[in-house]
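Q: As a plain string of letters, each chain reads:
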Amino acid sequence: MENLLVNCVERNLSQFMLTNAIFLCERLLAEFPSEVNLQLLARCYLSNSQAYSAYYILKGSKMPQSRYLFAFSCFKLDLLGEAEAALLPTEEYVEEVPGGAAGHYLLGLIYRYAGRKNTSIQQFRMALSLDPLCWEAYGELCSLGAAEEASTVFGNVAAQRLQKACVSQRINFSEGETIDQLTDSDKASKDASLGQTEHVPGENQQDLKIKQLGPDIPPDTDKQRNSSSHSNGWDLNTPSPVLSQVLDAPPPILYKNMRRPAVEGLMSVHGESRRKFVSEEVSAEAPEESRCRRSARIAARRKIPMLQSYGKDSHWLHLSPSEPNCVPSLSSMIGKYRIQSSNEATTSGQSLSDIGSSIDDEDNSNPSGSSPDPCSLNSGISEVLNLLKLLGDGHRNLLMYKCQEALLVYQNLSEKQYNTHWVLLQVGKAYFELQDYFNADSVFTLAHQKSPYALEGMDTYSTVLYHLKQEMRLGYLAQELISVDRLSPETWCALGNCYSLRKDHETALKMFQRAIQLNERFTYAHTLCGHEFAALEEFEDAERCYRRALSIDIRHYNAWYGLGMAYLHQEKYEFAQHQFQQALWINPRSSVIMCYSGIALHESKRNDEALKMMEKAILTDARNPLPKYYKANILANLGDYHKALKVLQELKDSAPEESSVHALLGKVYKQLELYDKAVLHFGIALDLNATPSDTVKIKACMERLIVPNELETEEDL
Amino acid sequence: MATESSESEEEGKIRGGNEKLIVEDDLREMGKNAAWSVSSCKPGNGVNTLRDDNLETYWQSDGLQPHLINIQFQKKVKLQLVFLYVDFKLDESYTPSKISIRAGDGFHNLKEIKSVELVKPTGWVCLSLSGTDPRETFVNTFMLQIAILSNHLNGRDTHIRQIKVYGPRPNPIPRQTFQFTSMEFLTYSTLR
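So the protein sequences, as listed, match chains A and B. Residues in the first sequence are numbered consecutively from 1, following the UniProt record's numbering. Residues in the second sequence are numbered consecutively from 1, following the UniProt record's numbering.
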């Protein structure tokens, strides 16, 4: 009865019949109380977003797997201290962190949320060294500013690790007959020849076979994803560790086959199903990969249902089709996979056909401990790692704000990878950081078109539209986002930007506050709130918001910039300069920040430094006309009118439509007593639609100019 | 300039009013930074009602004419428009008729800058503070005083439902004399 129930629960979990799973699991637990069953129930609760239930049932559990699940529930409930205690090794329990790389990653997150930056960096590095495909850890390191070069992280050491992991896993189940076939998951290349019927997972068949294997399978010896604690926990049902290894093994080869065509379609499907552990983006493969692995590790697996939810139906090629237990969704996934991988088979190179032939051999021979083809494994691993290297390089460059380099790196990606949502977002963000809003707009539009359901990065897109003053498109975007997901902070950020563009700062503020309510750790929402308060001239509240943003992510240079602006408005120039310095330290190539730093310096009477800063800004971004304008302004204020004139003449030619340039020219000419030129430029400034308050000033200046002339003529007479 | 009321200005007379308050983008409401006070009021109809964004509540004076509304700022501000919401149909003899607007540094040196007569107003009435001179679009002052000199039908006390004061937006970039107008300059002028 126990196995039947467990089977059923696993099936339900994979098909998301969660309440059914919980019910059955409770019956199971009542009849056969054991820690493994408890873990299963916890999994059901976690899948059903009932972290609190999982928390209560797992409290005090000692098994590593339970501790991992418990820590995860604590994390969800924001009980960081307990989560940390559960994950840290003590003498009582085991020497290692439960859950391996996933455990370290979770610890890293916990430390990061608690503000313990260095320990979190350590943990993320551990996670990466244990599992090089734990992309999220690398992403976190990048955003903390402590990431190493992608080529080291995803380099040879990583390749070796992955190899060892795969190989040792294969040895473990080389004894099992059917399981052996399972490892040759790159049967994808053979798809064309296989009919649809064969791919219906015959789980019952498989179950029986697994049971037969039973105690024959030796405990795993692999280090990487299966720490010693892992095997302790899962000895109760020996098939499970085996299956977990089976699960873990195929991925590298699968990647090779699946990477290009299948990534978007299949991965995104899996992404949705595996969302429970990681909430981040879907389209990158590495997170997908680690997610699956984690779930594989975590599950108190007894059955292939785990495998089948991982979805690579090729496992069951050689099982006789029994009653199709899987749902239509699964077979549609399978169908998609078939089509895509058959495309892959026809389009990709020789390596696949090599594997294909090796598979043929294995299929035909009596499966008994045949070792997998090492070449295919290696090439698979290296391809994955190469891809991750590229992506990691780009990501790291972007987060260090070396946007030009990041763009170059992303150009090197294959077209198919480039056209995925995540990469397009990165490219868009790079253009955004370079203040190249037109290009950013086109890239973001493309990204949004491709994946209208993916909301990540849409807050940046809305800011781009805000900068371009595209009210209609911004409004339209906001509407679309609401229709996709009312409960996502990005939606409310976009809405807030909409209102802010219309200068309705109070409503915009409300929108951003809603975004914060939805996700307190959404840094950008805090910064935007700060901007709105600043626009309403409530500088204390603005400062509070900016500091809150900085407490979540100290490298969020927009918040430093906002603080600087707030101080600048309140005429606290020294403080302002300090904030701009901090911002520049994080993003040294932002000409806008350099301009403001220069203004603050000038107001603090550090004029040489101010001018130097403006020079630097001019050099950094030649397209930005403002440093020249500010430089001319400073020179004029210092009385150096001729130099100011020179700069303004250049500026006038490069930006003929800007009224403030002519207004400043007029002022300078007036100081130089070249009144007719002054009047000329004031006139042009007025023609160029100066703002009303400027119009008043300019007219006043013009009046005063004419008067001295009249006085002269009177005297002459 | 702001749009709105059907101003038939024969000798400073204003008829009618607007139902909706529509102001141009380049102006913003300045009343939040000011201290508001009135010369007298009936309990329950105090100065708060002038700023509560509720057109149902009104300020009712309780003393001799002229009734005064004082708006004091902490530093000199540029003001351009004053909007009053008054309604003859609702308030009849409490509706103000002759209004004088004075500005200055404090109570001791207020000078009249505008004088109007309302004729059966119904809604938002716009009083522009600019002089005839194009240089004087704004009035740069510490204090504004709105004096109700007389009411319709010779009423003693007055009702005013809401007051809003508008001035130009400050330059988003601090310490710069002139504001930017072209897209190129504006795009590079801020980060968000």
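Possibly wrong hints are sitting among the right ones.
The list that follows gives simulated cross-link-like pairs (lysine to aspartate or glutamate, EDC-like), each with its CA atoms no further than 20 Å apart [what the hints assert, rightly or not]:
#1 B:Lys76 with A:Glu537
#2 A:Lys510 with B:Asp52
#3 B:Lys32 with A:Glu537
#4 A:Lys469 with B:Asp26
#5 B:Lys75 with A:Glu703
#6 B:Lys32 with A:Glu148
#7 A:Lys677 with A:Glu703
#8 B:Lys76 with A:Glu538
#9 B:Lys75 with A:Asp504
#10 A:Lys697 with B:Asp26
#11 A:Lys469 with B:Glu184
#12 A:Lys503 with B:Glu24
#13 B:Lys32 with A:Asp504
#14 A:Lys643 with A:Asp653
#15 B:Lys75 with A:Glu538
#16 B:Lys32 with A:Asp653
#17 A:Lys510 with B:Glu29
#18 A:Lys697 with B:Asp157
#19 B:Lys76 with A:Glu571
#20 B:Lys164 with A:Glu506
#21 A:Lys699 with B:Glu136
#22 B:Lys32 with A:Glu703
#23 B:Lys32 with A:Glu506
#24 A:Lys503 with B:Glu29
Simulated from the structure, these hints should not be mistaken for lab results. Fair warning: this is a prediction, and the values are worked out from it, not measured in the lab.
Q: Against the structure shown, which of the earlier numbered hints fail to hold, in ascending order?
A: Per hint list: 5, 6, 9, 16, 18 and 22 violated.
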